[in-house]
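In order, the protein sequence lines correspond to chains B and G.
When we follow the numbering used here, the leftmost residue of the first sequence carries the number 1, and every step to the right adds one.
When we follow the numbering used here, the leftmost residue of the second sequence carries the number 1001, and every step to the right adds one.
One thing to keep in mind: the hints can contain errors.
[What the hints assert, rightly or not] Selected chain G positions facing chain B (Cβ under 10 Å, derived; list incomplete):
(1) 1003
(2) 1018
(3) 1080
Because the hints were derived from the structure by calculation, they are not lab data.
Yeah, the Cβ is synthetic: ideal placement off N, Cα and C, and Gly gets one too.
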Amino acid sequence: MTHEHQHAHGHDHAHDHDHVPHHHSLKHGILPWMKGWMSTTNHKDIGTLYLLLSLAMLFYGGTMALLIRMQLFEPGGMLVEKVFGHAFDPNTYNVFVTVHGLIMVFGVIMPAFVGLANWMLPMMIGAPDMALPRLNNWSFWILPFAFSLLTISLFVSGGGPNFGWTLYAPLSSTYGPPSTDYLIVAIHLMGISSVLGAINIIATIINLRAPGMHWMKLPMFVWTWFITAFLLIGAMPVFAGVVTMILFDRHFGTTFFNAAGGGDPIMYQHLFWFFGHPEVYIMILPAFGIVSEIIPTFARKKLFGYEFMVGAVAAIAFLSYIVWGHHMFTAGMAVGTQLYFMYVTMLIAVPTGIKVFNWVGTMWGGSMTFETPMLFAIAFVILFSIGGFSGLMLGITPADYQYQDTYFVVAHFHYVLVAGALMSLFAATYYWLPKWCGRYYNEKLGKLHFWLTVIGVNVTFFPMHFLGLAGMPRRITDYALQYTTFNEVCTIGAFIFGFSQLIFLYNVISTMRGKGERATAHVWEGSHGLEWTLSSPPPYHSFNTPPVVK
Amino acid sequence: MSKPNLHRKVIVIGGAVAAVMFAFCFAIVPFYSLICRATGISTSVPDTLSVPSYVKEGDPAAENREVLVQFTATNHMGMPWEFYPKTKMIRVTVGKNAKVYFYAKNTTDKKMTVQAIPSMTPADGISHFHKIECFCFKQQTLDAHVERDMPLIFNIDKDLPKEVRVITLAYTLFDVTPNSPRK
């Protein structure tokens, strides 16, 4: 983006590493710019598009989160009433909760990880591009249509989707508003995009590794994405299938989930969580990969127990397919089945414990420095562990009868998804931004963003544990008086957290626009791997001749 | 193999797996009821006519034991019919047939079709409870303001675990009238 475009002619294009494509600047007019971005097959361009979409969606879903927290600031939605004239009615509130969840899962976390995979995988394994570049272009450009459909569904008469991101039948089948059909098609599009992206990633990693890049030499981020891609191919079609069954129940007279016709709404829950549990690992395994890249860099040591880290990720991925029942202990299940699901759920703590142990082991005795990516990575390890422990509490069947459908669950999954996945995304952005843009971001603002975020996240979500233990149910617009103080604390934390993301936005955009110190190829003193052998920013086409890995 | 061929292999295998997983959702439907029946996870009574299993010789006390069977009836959300068991509970000797009636009245001004869906506790009793005739076997249609006593004939076989002394059978009535507006 900062390159001069004066020597494009008279060069052999095949070897012209400094060639900057037309669509990277508006100098050549708006039409070539649009055409260029829409038809690009370059993995770096597509990675950028994914990441920018995800950033935009973060503010979309975040706005809804803040509206939810405003409503819950005081009983009766008093704050919303003061600001907007009237409190949100329960249906509007339910729409916010549903769309917030869907946007954050499918619009923020997943596209951001796919964006990172697009940018980094080819550079990390020494490939010139992704294996299937045209498919790559499709998998991205499907997404804006999916999220437009989801947004349109908010304005359809009858109101937006209001049954939670889980789309439980019969709320989404018999009682779903007309907008449900828009959502179902949007989910189909997201599913196609994810599966195409996953196939592409697998093909890239299997076929395009540079000579000498053996399996057990792959960077951890590549390994975690390789395994995540298998989870995506196995799980996303199940989600697409189950929402298709909802569509059939709604319009074609089938009764898959309707007891009156011999169906069973519980079967929806089984199928949904058969997708849903691998899905939560789709959202956390790449985060493990990111943290496993960052901690060695700033601890200036090799990753401790690499082979065990790979094994642990594979074990977690396998276990994720056989534990879905712990999401539905109270839905009606035989005692033996409950015990089975409880024990296998507990088993996940073993590989996860190996990972946390090895991250700490990597830091142990290292010469650590605390740049912004490292701060986020350390916060990830600590806060994700808290989320993991509350997950273990929820996995204990008898205890789950008490905790289920309370704010304890809300606290748990926000610790793993916000303090876990989202924090790892911030870490990754700060870590690789100088590589992508050729400029360092503003370290002072980065640190400010980190501290406001980590304080905001904990002030928002930690009190929710206590609210849940005290019995406050989730998915409600109003609550009993005794929960007021803690809800006020949560809302204040949410606003600190939400608005501090504007610092992140400013920092990213100003770095992209070429502010900041020029970055070296190596970027970080302790960085290690093929991507750091390329200049910063890397040439538009990198590794046209594969590097040799020793 | 060349690179494009290697890529094609990944696309074909990956695409096939995705297609299989999509189809898996639909394939699970019959499989799900099979699992539920085989393992007794489901609390729904099997609605097929099952023949009592071969009765073993045992001590007479066990052969003549009585089991208390309770009946409840619920209308599904928004269902306007009157629907209740005429016999709230009955003592049944194992191995002997018993007959009870459920009362149903269409309180509306139009013809309606309903389906009753059974559920049973405890789950241990499900495979030993045999319906010989049940109004839940098929859909019931009643004209406006018509009432009917609907029969249920059943027996409990002698293999019923001896710790099961009470069985509760619950029916939920669903409106399945064709072309009825969604509720």
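Structure-based check of each hint:
| no. | hint | in the structure |
| --- | --- | --- |
| 1 | 1003 | holds, 6 Å |
| 2 | 1018 | holds, 5 Å |
| 3 | 1080 | violated, 15 Å |
Hint compliance for this structure: hint 3 alone is broken.
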